[in-house]
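Asker: Using the hints, build the complex out of the two chains.
What follows is the residue order along each chain.
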Amino acid sequence: AQSVTQLDSQVPVFEEAPVELRCNYSSSVSVYLFWYVQYPNQGLQLLLKYLSGSTLVKGINGFEAEFNKSQTSFHLRKPSVHISDTAEYFCAVSRGGGFKTIFGAGTRLFVKA
Amino acid sequence: GAGVSQSPSNKVTEKGKDVELRCDPISGHTALYWYRQSLGQGLEFLIYFQGNSAPDKSGLPSDRFSAERTGGSVSTLTIQRTQQEDSAVYLCASSLGTSGTGILETQYFGPGTRLLVL
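Quick note, the sequences are listed as chains A and B, same order.
If you count by the working numbering, then the first sequence holds residues 490 to 602, one letter each, in order.
If you count by the working numbering, then the second sequence holds residues 271 to 388, one letter each, in order.
These are computed hints drawn from the structure, not numbers from a lab.
This one's a predicted model, so the numbers in the text were calculated from it and none came from an experiment.
Beta carbons: idealized from backbone N, C-alpha and C, even for Gly.
Hints may contain errors.
Claimed, not checked - Using C-beta positions, here's what the derived DEER-type ranges look like:
hint : chain 1 : residue 1 : chain 2 : residue 2 : range
1    : A       : I549      : B       : G329      : 26 to 34 Å
2    : B       : K327      : A       : S516      : 18 to 26 Å
3    : A       : A506      : B       : G342      : 46 to 54 Å
4    : B       : K287      : A       : E509      : 25 to 33 Å
5    : B       : V344      : A       : Q534      : 18 to 26 Å
6    : B       : P331      : A       : S498      : 18 to 26 Å
7    : A       : E555      : B       : E284      : 31 to 39 Å
8    : B       : S308      : A       : E509      : 44 to 52 Å
9    : B       : L309      : A       : R566      : 25 to 33 Å
10   : A       : V518      : B       : K327      : 18 to 26 Å
11   : A       : E553      : B       : K287      : 41 to 49 Å
12   : A       : G542      : B       : L386      : 44 to 52 Å
13   : A       : S573      : B       : P278      : 27 to 35 Å
14   : A       : D497      : B       : L309      : 14 to 22 Å
Unchecked claim - Calculated from the model, a selection of chain B residues having no Cβ within reach of chain A, i.e. all distances over 12 Å:
hint : residue
15   : Q276
16   : P278
17   : E284
18   : R334
19   : T348
20   : Q353
21   : V387
With the rest of the complex left out, here is chain B (with noise of 0.2 Å):
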């Protein structure tokens, strides 16, 4: 079946425009990630979505960051007025994540958005 994808694969904007990274993950799966991934740099989480709940923001880095889910399927995420310290790989990851076990928890990432801000 089809996994999780994502577009652009690769977006370069000038500073202070705005930029919009889409997410479609596996269907059927409740919870959907966004991560943040700078050049030497780990795992950065950003914004966690399960199933009606509201959203955990607590990894977006500024107020310039936003992301919402529509359906429960498709997610966006928005960047408003970009930095070049903005410019990374974001990563989207979902996973089916309403059952206790953990089995269920495993996520499956998509192969990033590569964003460049000159």
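The following block holds chain A by itself, in its conformation from the complex (with noise of 0.2 Å):
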């Protein structure tokens, strides 16, 4: 069975901070990863996601997360965030071919002035 993990609930950050976002997921099989953004009183988006190649992958609003398939994890980071940042981030696996996606409890980050 698959499951994602993330290991941080809250995040507070100052503006123009580096920033990572934890996530960890198990699974026998090999599987597809995304990072999903959900703005304050905005519906959920897609981020950024990874399906095969580079495990080094870059979304938008400069995001990127780094696939470690020896540390099952798929972290997400930015290296200088803004106020704007702010929102709750979702870390998301798939096994594809039908199966259903399965999504961790979400990370809130909060970017202080």
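Answerer: Structure (structure tokens):
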């Protein structure tokens, strides 16, 4: 069975500081990995995804994530955050082929001035 | 093109009443998901429809919750005898879903229905 663990429920950070949101998954087969973002009072939208190939994936708004198979991790990073990055971030995993996508519990990123 | 739509956007009901929430997925998407997002909580998976297969109902919290998908398109989530703890935002998402390639598993979310049970 697949599962996703987001190790931090909340991450406060000052503006222009770097940030890393952690995500670990468990699966016995190859998976596809996603990060979704939900801005305040808005719907969920895809931030980036890993399907295959390069383990460093770049997404929208300057975010990137690195797939680490040996550590079963897919941590999300941004070198310098903005106030507008305040949102909830969800890591997700899918086996594809009609299997359902599993979401983590979410990490609330709060960027302070 | 049109995205996933949900109706109503807001619903206030009295404890004990039944409610129906509707989801219109993106045309051509065979996979449809329902999630619940309670205040301060993450996404809670409720039910998953994939094509003509039997739905995965493993996330439904009680037998008061049910969902159907007519004609492989529109879905309705029904909550019977609502309780105050059912208050949450109910999100629907769809994806192309049938291929083995992950790109087709990207989910597109609707705006949600905010349910308040008084």
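Asker: Against each hint, give a clear statement of whether it holds in the structure.
Answerer: Do the hints match the structure? See the list:
1. A:I549 <-> B:G329: 26 to 34 Å: holds (29 Å)
2. B:K327 <-> A:S516: 18 to 26 Å: holds (22 Å)
3. A:A506 <-> B:G342: 46 to 54 Å: holds (47 Å)
4. B:K287 <-> A:E509: 25 to 33 Å: violated (45 Å)
5. B:V344 <-> A:Q534: 18 to 26 Å: holds (22 Å)
6. B:P331 <-> A:S498: 18 to 26 Å: This hint holds: roughly 21 Å between Cβ atoms.
7. A:E555 <-> B:E284: 31 to 39 Å: Given a distance of about 49 Å, which is not inside 31 to 39 Å, the answer is violated.
8. B:S308 <-> A:E509: 44 to 52 Å: violated (27 Å)
9. B:L309 <-> A:R566: 25 to 33 Å: With Cβ atoms ~28 Å apart, the hint holds.
10. A:V518 <-> B:K327: 18 to 26 Å: Since A:V518 and B:K327 have Cβ atoms about 23 Å apart, the given range 18 to 26 Å holds.
11. A:E553 <-> B:K287: 41 to 49 Å: holds (47 Å)
12. A:G542 <-> B:L386: 44 to 52 Å: holds (45 Å)
13. A:S573 <-> B:P278: 27 to 35 Å: With a Cβ separation near 29 Å, A:S573 and B:P278 satisfy 27 to 35 Å, so the hint holds.
14. A:D497 <-> B:L309: 14 to 22 Å: Because 19 Å falls inside the window, the suggested range holds.
15. Q276: At roughly 9 Å from the nearest Cβ of chain A, B:Q276 sits no farther out than 12 Å, so the non-interface label is violated.
16. P278: holds (15 Å)
17. E284: With a cut-off of 12 Å, B:E284 remains clear of chain A, as the shortest Cβ separation is near 26 Å.
18. R334: holds (22 Å)
19. T348: holds (21 Å)
20. Q353: Correct as stated: the minimum Cβ-Cβ distance to chain A is 22 Å, above 12 Å.
21. V387: B:V387 is indeed farther than 12 Å from all Cβ atoms of chain A, at 21 Å.
In this structure, the earlier hints numbered 4, 7, 8 and 15 are contradicted, and the remaining ones agree with it.
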